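Engineer: In the order they appear, the protein sequences are chains A and B. In the numbering used here, each residue carries its 1-based index in the first sequence increased by 654. In the numbering used here, each residue carries its 1-based index in the second sequence increased by 654.
No wet-lab data here; the hints were simulated from the structure. Nothing here was measured: the structure is a model prediction, and the numbers come from that model. It is possible that some hints are incorrect.
Since the list gives no way to pick one copy over another, a pair counts as held whenever it fits inside one copy or between any two copies.
EDC-like cross-link-like pairs, simulated, lysine to aspartate or glutamate; straight-line CA separation at most 20 Å [stated by the list, open to error]:
no.: 1; residue 1: 656; residue 2: 719
no.: 2; residue 1: 943; residue 2: 884
no.: 3; residue 1: 943; residue 2: 791
no.: 4; residue 1: 952; residue 2: 898
no.: 5; residue 1: 849; residue 2: 884
no.: 6; residue 1: 943; residue 2: 877
Number of protein chains: 2
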Amino acid sequence: MKTLVTGGAGCIGAELVHRLAARGDRVTVLDNLTSGRYEHIAGLIEAGAIEFIEADVLGSPGELDRAMSGVDLVWHLAANGDVKYQPGAPTSRDLEQNLLGTYQVLESMRRNGVRRLVFASTSAIYGPVDRSPIPEDQPPAPVSLYGASKAGCEALISAFRNLFDMRCAVVRLANIVGPRSRKSGQTVISDFVRKLRENPAELQILGNGLQAKSYLHCAECVDAMLFVEESAPEAMAVYNVGADDSVSVRRIAELVTEALGLTGVRFLYGESETGWPGDVPRFILDARKLNRLGWRAKLTSEEAVRRAIHEIVAMQENSGAGACRP
Amino acid sequence: MKTLVTGGAGCIGAELVHRLAARGDRVTVLDNLTSGRYEHIAGLIEAGAIEFIEADVLGSPGELDRAMSGVDLVWHLAANGDVKYQPGAPTSRDLEQNLLGTYQVLESMRRNGVRRLVFASTSAIYGPVDRSPIPEDQPPAPVSLYGASKAGCEALISAFRNLFDMRCAVVRLANIVGPRSRKSGQTVISDFVRKLRENPAELQILGNGLQAKSYLHCAECVDAMLFVEESAPEAMAVYNVGADDSVSVRRIAELVTEALGLTGVRFLYGESETGWPGDVPRFILDARKLNRLGWRAKLTSEEAVRRAIHEIVAMQENSGAGACRP
């Protein structure tokens, strides 16, 4: 099996690449190292176990075609993974890196006759809805540019699948946490670790701390993705991937302070129900479709967060670590 | 009320512009005249009743900003309206003209503090589904690049609405038919009229003729759009707009031959269930949400098609006339 992993140096991608290489796939990684890190897969590259191409899915169609040549299956994880929109920032980032990037991957697949794709989508496509847990048949109503771009990617994949006879699996991921750091973007665990190392007396929390979301550990996420790729019967498979519970930001703050051995930390809360513009403050993914197919998360959301915190603290990371999003 | 209509020289756009001007709106039309026609609104322009800017939403941000200045409400209809994908053609047309074009409109709205939008979407976002009729809560699963691009537009609008405090209405239109011709793209009525004028003895039909879809007359479509804009209570309103029945391609062929006064025409059918790659051969839109809000189509799908055929034939159009799609 020859596989291409775009974004294969990112936190989810690197975990996936290690698993694919271990099972004997011939793996090519294409990553622009903007948010991914060479160190995550350096061992495999230097051992000659995988091929690495430093290139962007968006601006390098030649490199992408070279990476795509002879490939049986594409895992498309390359994306801007920072869900936050900073007021005043350009609004084009997610549209370009996620949606147009995905279009370039689909086009390269079409040009090269590659017909199998797994795409890392996100629970952020749903937006804030009354339904809980949220199943796959909930229509997308994203409130972030990140979620909108991923919803657009799913639509494009759906059309390409039909027109060019592809077989595609879309996994809508919960918040994924794990040990590998990333170079850009802050996520809740890394944000708390960094702030508490700077000032162990108090912790400023984005929003009112009551935000509560589904989390999944990166190792379990990759396990689920491999399972969906092998087991889903649909030519256009769409599966939520997450634990069927949630953990609050307030609880994550407690877990991080515990793991750092701190006591008496004063938590300072914001007033907003959301952590940032475009945040979906409370959601639980419905993973029953995936459960019925035969896969279930072993860790609860809180256990996944706890394990990631301990991995991060143990690795003595100083910044940027903690959670990853394709 | 100052309004901007993008695509205001198209078949739906021109009908809308006449209605808006008649009710006293100050109307600016921005159209690149690729598929729209100057003649459709020439009377209003030359009478000084509306302002016309010949420009593209995609490549002319300066012109778009000029058109957007001081606007209260945007009707965004500019798009590639040809749902057909020709094998071998570039796959980028809908992505660029529809999705990136819509992004430029949203960006110009944001830059200019314009907060109200009506967007012409399409039933093609749903793809072929078992459910009939199809309500608005059916998740998109497009099989055409056209449908995918419009689903992507809806997702972008959803995010912009939240982040920049807009008020948006998305109307998902059935097949719209009416008297105004367009310069590019063939649709079922114009295709049949043209073919029968070339050869009144036989008619080649795309697909097996059993395709059956919801149709709506252009005048009723504009009526519904005006109603949704005025009446929908939601900040992000999504409404199907169509008659709650369908008419078959075979029946349309009979109606066209009748209208042309032909008898004994031999119908030649294809073998495929679909008329072209990406066609959704059978669907009925569920318009009950719009009915409950207080609007209902007066014409059935067949009556709408019949009226459009007679208008087209009466206007002695020779080509390109018959149906329009934003």
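Engineer: Take the hints in turn and mark each one as holding or not.
Structural biologist: How the hints compare with the structure:
no. : hint        : verdict
1   : 656 <-> 719 : within (14 Å within a copy, 49 Å between copies)
2   : 943 <-> 884 : within (15 Å within a copy, 40 Å between copies)
3   : 943 <-> 791 : both (11 Å within a copy, 19 Å between copies)
4   : 952 <-> 898 : within (11 Å within a copy, 47 Å between copies)
5   : 849 <-> 884 : neither (41 Å within a copy, 49 Å between copies)
6   : 943 <-> 877 : within (16 Å within a copy, 42 Å between copies)
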